[in-house]
Structures are given as C-alpha cells and as structure tokens.
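J.: Listed below are the residues making up each chain.
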Amino acid sequence: MGTDKQEAVKSLFTAQSAKVDTNRGDTYYEKLYDQCRARLDALKKLAPINNRRDFRTVIEEEGLERRDFLKWASATTAMLMLPASFTPLVAEAAMVMNRVPVVWIELQDCAGNSEALLRSDGPKIDEIILDIISLEFHETLMAPSGHQAEKQLEEAIEHFKGKYLLFVEGSIPRGLNGAFGTIGAKAETFIDHLTRLSKDAAAVVAVGSCATFGGIPAAAPNPTDAVGVMDVVKGKPIINIPACPANPSNMVGVLLHYVLTGQVPELDSLLRPKFAFGYRIHDNCERRAHFDAGEYVEEWGDEGAKNNFCLYKVGCKGPMTFNNCSIIRYNEGVNWPVGVGRGCIGCSEPDFWDKYAYERPMANANIKAPTGGVEKTVDEFGLGLLTAAGVGIAIHAAASAVAGKKESEREEA
Amino acid sequence: MKSTAYKKVERMTPAMRTIHWINAISMIVAVATGLYIAAPYYQTLIAEPAVDKYVMAWNRWGHFIVAIIFDVTSIVVAYLYFFSRFEKPYKKVLPTGKNIKEFFAVLINLLTLNRSKSFDSSHSDSFNTVYFTIFHLLLAWMLFTGLQLYVHGLESGLSSIGSWWPAMLHLVTDWTIPVSAWMVGSGPVPSIMDVRISHHITMWLIVVWVVFHIYYQVWRTIFWQEGDIAIAFGGSKFVKEDKEA
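Just so you know, the protein sequences line up as chains A and B, in that order. So the mapping is simple: the working numbering equals the position in the first sequence, first residue as 1, plus 22. Quick note on numbering: the working numbering labels position 94 of the second sequence as 82, and the sequence is numbered without any gaps.
These are calculated hints, taken from the structure and not from any lab test. Among the hints, erroneous ones may be present.
To be verified - Here's a subset of chain B near chain A, in silico, CB distances under 10 angstroms, partners left out: (1) 27; (2) 40; (3) 61; (4) 66; (5) 68; (6) 99; (7) 105; (8) 137; (9) 144; (10) 203; (11) 207; (12) 212.
Where a beta carbon is used, it is the ideal one built from N, C-alpha and C, also for glycine.
Hey, can you work out the whole structure from these sequences and the hints?
T.: As structure tokens, this is what we get:
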C-alpha cells in the first residue's frame, strides 16, 4: 500500500460523519456575513479580469429578468445552506465572479463535464455564470491552439500565481510513467502537467468522476493505472465534485462559495462539499414510497414502470449514493435519471463503473474474485460455496455410512 | 454388546442454550429478510395501495430487529468467552501444544470416519471451539458492516435518540470501508458498495458454516453415540463412565 492509499485510509478512519450543520447559530452567521461583506468589497475594487463582460449586461442580452436572477440567488443561497439574509451577498458574488481567475485542464476524459455546462437547453443563470467567470484557459473552448494555447496557459499561471482556481477534468494515468496521456509539443505527461499547474493554484477543483476517483478509466482492469486528482496532488486544498457529468449547479456553488468566503466549503471524508453530497439520493427520491412498499419495476416498460414504481430491482443504486440530484436535478431542475425512469448508477461514488452501474441489484451483479479472476454474481459465488460444502458433506456422509465405525462397532472390533 | 454405565456431563448452561436458539432464529430471519433487501425475490400485488403493504419497510424492520438482538447476544457471548464461570472458550483456542494436538485428533476422527478417536469427547474440544470462534468472528464482521450500511441512512447526523448515535456508528464502523475494499478488490478509492458486497458474501459464508455445523453435530451423535445433539436442547450429553476424565 502506497502513501496515497494510506492517506485515503486515514481519512476514512477519521471521518466524523456526513453530518450537515444547517444551523450553526446567529453568532457564527453574523461573523461569516461580515467576512463575506469585506471580501466582496475587496473584490469589487478590482477590475474584471481581461475585460470580462459585465454580468448584468449578459443577463439582459439573454432576455432574463431581474426577477429570475433573484429567484436563482435565493435558491442558490439555500443550496449553500446559508440563511436567507445572505441572498443579497450571493447575488453580489455572482456579479463579481469575473474577478476570480479559473484555469480548466482536461486529462484522461471525454469532455463530458465541459459538455454538461455548455449543452444546456438554453442559457440559464448557472451557465451564464460559467460563461462569464474568468476562464483563463480551457483547451476545448478556447480559440487558440498549439503553441499559442500553451503560451496562454503559461501566461495565465504566471500572472495569477497563487490566485487561480485549477479545475481538473479527467483522470490521471500513472502506468508506463504516465505515457498513456501526454499534452503539448513537448509531450508533458498528465501527471507532470497536473503537478506543475497545481503548484501555484489557490485550490484544485476536481470535476466529474474521473478527476475525483478515477472514474471509468480506472474501472477494472484499469489498464492505464488511472487515479483521481487527490491521489496525485498533495498539500493543496482539493474539492471533489464527482458525478458523471458533475452538476453545473454544484460547480457554480463551489465557485460562489469561494468568491463569497475565500475558503473551500465544508467537505466530507471524500473531499466532496457537504452542501451537495451530504444527502443520500434515496432519502429525497420521489419513488421512495414505492421502495418501502415493495413495488418495483420488474423489467423495462412493464406495468410497474408505467406507474413510476421504484427502480431498485432494475439496479438503482440510490440507497448507496450521496448526491443532491434528487433535490436540485439537472438542467435547471428539469429532470434527473430516476425521474426519467432509469435507476441511479451511483456516478458520484468511487469505483462506480464496477460497483454501481450494472443495472441489476448488487446480489445479481457480476463481481470479480479478489484475484481478478472469473466474474460471477455475488449470489452465484455464495451458492457455489454452499454447493461445494454440500458436496463435501454428501461425500463424507456416504463414506461414513459405508466405511464409518460407530462407537459400539469400534469397541467390538 | 456389553452393557456400560454412562455418565451425564453438563455442556451448555440454560443461558448458553437460550443464546444458541435466539441466534438460530435470528439468523433464519436475518437471512430471509436480508436476501429480500439485497434483491427483492417476491412481488407484492399491484392492485393493493402502497400504504397497506410496506413490504420492503417490514423486511428492513425485521432485519434491523434481529440484527440488534444478534448484536446484544454477540456482546454477551464475547463476555462469556473470556469470563464465563462455566467454561472459558478462549482457553481452548490458545495455540498450546495440548490444544493443537486435540484439534488435529478431532479432525482425524472426522476424516477417518470415527475409525480413530484419541481424545476426550466429554468436554468441548479444541476443534469445535475454533469452529465456534470462526462463527463469532463472521458475526462480528456482519455487526460492523451492517451498522456501517445502516448509518448511511442517518446522513443528517441526527437520530431519534440523539446525534451521538450516528457519530458513534461512524467512529466504530468507518474502518470497514477500506477493509471491505481490500477484500472485495476495489479501484483507487474504497467505496461503500464494497461494504455491501462484503456483507452479502459473509452471509453466504455463515450459511455454509451453519450447514456444516448441523451436519457435524448430527454425525457426532450417530457415530460417537454419546447423545451430542441433546446438548443444544437439554444441555448435557452422556459419556461412558470409564472415559470421563
């Protein structure tokens, strides 16, 4: 076991609980309010970075009303578990978001998290905020390429040394000394790239399941020895926003929290912000009553499916998954996986591809023997053990009947 | 056949027998409800309104109740293991020369179909005590993993008996996550699903344990002819006078 694994184990052993403090008392919030006020005033004095556009102008151009914005601000305040009195501060923070530099890098990934925030049904406030943040570098979105792009990155990390937030999308392949993934003309490996860029970052935000826990690239047999950011970056505040893709609302939540307080939000033992991952999907699921009643969809499209029954038997992993998507949903609250009639695949949990996403209950899912050998379901494995024991007992019983010596026979002999 | 005098040997106190049968019944309930929780294997009638059935909820309730009974008897058994005035099982699992010799003598007795029997069968032997210990280690693992699975539903950090309860459960059972991940085989980061898989596989190990346990006690009764099966009911067995140590 390497030092990284030991750290992970240590953090699990010392995990307090996923407890979310929704009310810390007036004194705490009054102090926090003053801190936030001071920070926002300081940020306001700064000019927007690189002539970023003003939030108010963009909102108007997109045809959104001030009322929509205020509705969004109060919803976001509640999501961040702050009292309603913080709503004006959250609104102000949204307007000064263009003063916080963000560098976004992509490693071993599918760009799904970038897609998630770009391909929405229409520009909504969360997406607009992600549009106007001072995104200093984003390979997929930026116009320059090649040496120009590299130059821009170097300038950004030099200019905003110690101030920028590093958003990382994608896992880090460690196999073959990192040769599975390289970037740029000098073929810098992803490990070196991440290590170098994180050195001068204020904090590192791992976005999506790959960057947080290795995700799909790290699924068995993990040919590239892929891991998440927290197994590579040490000595920096790390915030994990898992899910496949990560919910843009949670990305904005983390950014806003940083803009507002200058600190990372409260995290759980897997470094996920508690405001988003302090809930179990199952406990806020609209199909929960059917779970308790024992009403399950037996197969896709059956009578149960038509009646919105629980998806547990078609493999929903809501009972083992911590995320807020049953509350805030995706695409500005339009819907979410369980809402559209397919089970949760636990995409915000470690090892989700192997352990959650098989669309069957855990007992019927294929698992690998610890040796990495034959795939059997958990129950097949158990029944196999039982059969082996039964055969052994049958042989012993038959042999005893034929050749065994009872106590009385033994003494006569 | 010569007539021989038999002597009664007390082997299980009323408390031990009570625990034995509470455990047996709890286990049947835990396995039946646990299999349903893992993959609901019977359907409820679609026409009935949800409020009347509550099938999964009752299964989970039953599972938790027997789990708590199991937890309590486990604590009692763990205490008796070291401090019982009747018989301290730990003395029979210590790897002393005497115990190792007895362990293999009993094993050979089983493998030679009772053709060789060179140990004192009047008292609980080393082999059976090791087997008993394995069972209670499996049960302890079920206790810790089960409570870990249970605390996932208390993510608010609150419970009807106070916030100390989920906090204590995290403190006492969070270590099962990395340990399960190590046993099940995991990716870079241990996952709570590993605990669930491990909890389920351990159920199968316990079922296998039970099957052999029943077979072996019946086999002993038939071949040793000392009434071993009566131990769990009446608390005593009979050995020939000349054999009693």
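J.: Each hint needs a verdict: does it hold in this structure or not?
T.: Evaluation of the provided hints:
1. A hinted interface residue such as residue 27/B counts as satisfied when its beta carbon comes closer than 10 angstroms to some beta carbon of chain A; here the least separation is about 4 angstroms, so the hint holds.
2. Interface hint status for residue 40/B: upheld, as the beta-carbon distance to the closest one in chain A is roughly 8 angstroms, under 10 angstroms.
3. Look at residue 61/B: its Cβ only gets to about 24 angstroms from chain A, farther than 10 angstroms, so that hint breaks.
4. Below 10 angstroms, beta-carbon pairs count as interface contacts, and residue 66/B has none with chain A, the closest being about 23 angstroms; its hint is therefore violated.
5. A hinted interface residue such as residue 68/B counts as satisfied when its beta carbon comes closer than 10 angstroms to some beta carbon of chain A; here the least separation is about 28 angstroms, so the hint is violated.
6. Interface restraint check for residue 99/B: the shortest CB-CB distance to chain A comes to about 9 angstroms, inside 10 angstroms, so the restraint holds.
7. Taking 10 angstroms as the C-beta cut-off, the interface hint given for residue 105/B holds, the closest approach to chain A being about 7 angstroms.
8. Look at residue 137/B: its Cβ gets to within about 9 angstroms of chain A, closer than 10 angstroms, so that hint holds up.
9. Given hint, residue 144/B at the interface with chain A, holds; its Cβ is 7 angstroms from that chain's nearest Cβ, closer than 10 angstroms.
10. Residue-level restraint check for residue 203/B holds (minimum Cβ-Cβ distance to chain A is 5 angstroms; threshold 10 angstroms).
11. About 7 angstroms separates the beta-carbon of residue 207/B from the nearest beta-carbon of chain A, less than 10 angstroms, and the hint is met.
12. Using the Cβ-Cβ criterion of 10 angstroms, the hint placing residue 212/B at the interface with chain A is satisfied: the shortest such distance is roughly 6 angstroms.
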